[in-house]
Amino acid sequence: MTDRMPRALALPPSDGPAPNRRLLLSAGLGLAAAAMLRPARAAGSIRIGYQKYGSLVLLKGRGSLETALQPLGVTVAWSEFPSGPPLLEALNAGAIDFGSAGEAPPIFAQAASPELRYVATEPPAPRGEAILVPKDSPVRSVADLRGKTIALNKGSNVHFLLVRALAQAGVPYDGVKLAFLAPADANAAFVRGSVDAWAIWDPYLAAAERATGARVLADGQGLAPNRQFYLSRRGFTDSSPEIVSAVLKAIGEVDAWAEGHADAVAAELAPAVGIPAPVLGVALGRLSYGVAPLDAAAVADQQKVADAFHGLGLLPRPIRVADAVWTQPERRAENRAETR
Amino acid sequence: MPLLRRGGRAGLGLLLPLVAAIGWEIAVATGAASGRLLPPPSRIGATLWELAVSGDLWLHVEATLVRVGLGFLCGAAAGIIAGALVATIPLLRWLVDPSLQALRAVPSLAWVPLFILWFGILETPKVLLIAVGVFFPVYVGVSGAIASVDRKLVEVGRIFRLSRLALARRILLPAVLPATLVGLRTGLGLGFLFVVAAELMGASEGLGYLLVDGQQFSKPDQIVAAIIAFALVGKAADMALLTLTRPLTRWQDTVRDSL
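Quick mapping for you: the protein sequence lines, in order, are chains G and Z. Counting with the UniProt record's numbering, you get residues 1 to 340 for the letters of the first sequence. Counting with the UniProt record's numbering, you get residues 1 to 259 for the letters of the second sequence.
Heads up, a few of these hints could be off.
[Unchecked claim] Some, not all, of what chain Z presents toward chain G, calculated at C-beta under 7 Å:
(1) Ile-116
(2) Gly-120
(3) Phe-217
[Unchecked claim] Result set (DSSO-like, lysine-lysine): computed pairs, CA atoms no more than 27 Å apart in a straight line:
(4) Z/Lys-219 <-> G/Lys-52
(5) G/Lys-177 <-> Z/Lys-219
(6) G/Lys-154 <-> Z/Lys-219
(7) G/Lys-135 <-> G/Lys-154
Think of the hints as simulated: they come from the structure by calculation, not from any bench. The beta carbon of each residue, even a glycine, is placed where N, CA and C say it ideally should be.
Turn these sequences into a full structure, and let the hints steer you where they fit.
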């Protein structure tokens, strides 16, 4: 009896519409796979990835980019990302066309894909990142961090800052204990006293200073430039250079406005970032405004970051930052004219 | 013969992933698909091999297994005790169960900042977070199983003048055991889910750390390698639990055995 049960439970072969269903199913799966492999972009559109803090948020809020791109017949789609790495992963995957990130994420994104393009940079903001210690900590200098536990986001701009600070103070990299934590979790560990120091960037830096009275042990001055980069991908810069140029122009305009309206910027960003406007004002005061193409100094600075991460074994192979730098068409024409 | 049949079933289980892997490898090799976002099996295999040869893989697997093992023991013990108490003491059921059912809905990541504040960043918060994940399915399984024991079985036990201890051992335990074991299996599975969140708490080893590290540094091959390692380790742990607990339900005569 039990031997017959499986046969009784099995469905009889059907000569009805099953093959059609199978055909539809396989066609549907094929289309879905194709859609996943090649994320769609409308001909006259740009998909921008942004984070909660920075010029792109202001640009989105003011709606000035949409106005600027209207004559070109280009629409804008915005996507928010929690941090640089997933934003650049989306950029490399072709899910977005443009975005911004700090120094470190583009290094790893370039190592992962030759598609990445640096299109512009903001001036250095070295005071916008620092190594913090609790206000009553006996640690008075970076040299005192030997044997101590430091919280940081692995492979971030502050990782590079820490490497440089330790080297300058003569502390070997393996002479400290590292606790790799995201900013929110690092904040909890810092408040509890589970870590002796915290390498962090603005606006979390300003918030921690205000909330806990933490002391700055060292910031980026003389150690790390702490730049913000605007990035795209080769496919987009090749096919739509005029859109990229228009976006950079719009960012430049919003930056020029922001520089003279710090209070208004703080008030606008505070709800999104979840940090009080006065605290955000402190962070914004440490920002550098303006958008410019990457010059030799910016490329050299970024190459130092790449080499440092390769030295730590975080990069699988060395990279040349210069290979990923995009030149605006008008600048290309200028360069050609100069070389003639 | 049954051994052969079981081997055949295991082979069938491997068929789907094998076909998918070969299909994807061919798709990448022929250029029909980009191997960057989802690397081909050959590259994932190479990554796993590199991790294994360097010894890193075993370090990560060991760290995760120790955390899940300790978390599972703590969570399962707490779940069994709480489930039994809540099911047998009505006042406790009215008092405690609503709160526990509400807490059950809290996602693992939501606990992370609190656990860091309460317990620091060493092993304690990691193990406790996994224990939280394991606790709820075990608690629900045990309390539900006890509450749904057939009243007639208990009455039969009373007719036979069984003492409370004998009643528990001869009637309640066999009636509750199958659902409890299902709860334990579900709890173990959730333990492996929660370990990823746990290893965000300042870990520098573990499969969850390996996974997040791959995402942070744009290494899709490492991400998939970590997922495969998770799947294999999780399956092995589940099989070990099944093997250890099978003798406890040997008396069961289920339809599954005859299918």
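Results of checking the hints against the structure:
1. Ile-116: Since chain G brings a Cβ to about 4 Å from Z/Ile-116, closer than 7 Å, the hint holds.
2. Gly-120: 4 Å, holds
3. Phe-217: 5 Å, holds
4. Z/Lys-219 <-> G/Lys-52: Holds, because 25 Å separates the two Cα atoms, which is no more than 27 Å.
5. G/Lys-177 <-> Z/Lys-219: At roughly 25 Å apart (the allowed maximum being 27 Å), Z/Lys-219 and G/Lys-177 satisfy the hint.
6. G/Lys-154 <-> Z/Lys-219: The hint holds at about 14 Å.
7. G/Lys-135 <-> G/Lys-154: 24 Å, holds
Figure legend: structure checked against the earlier numbered hints; every hint is met.
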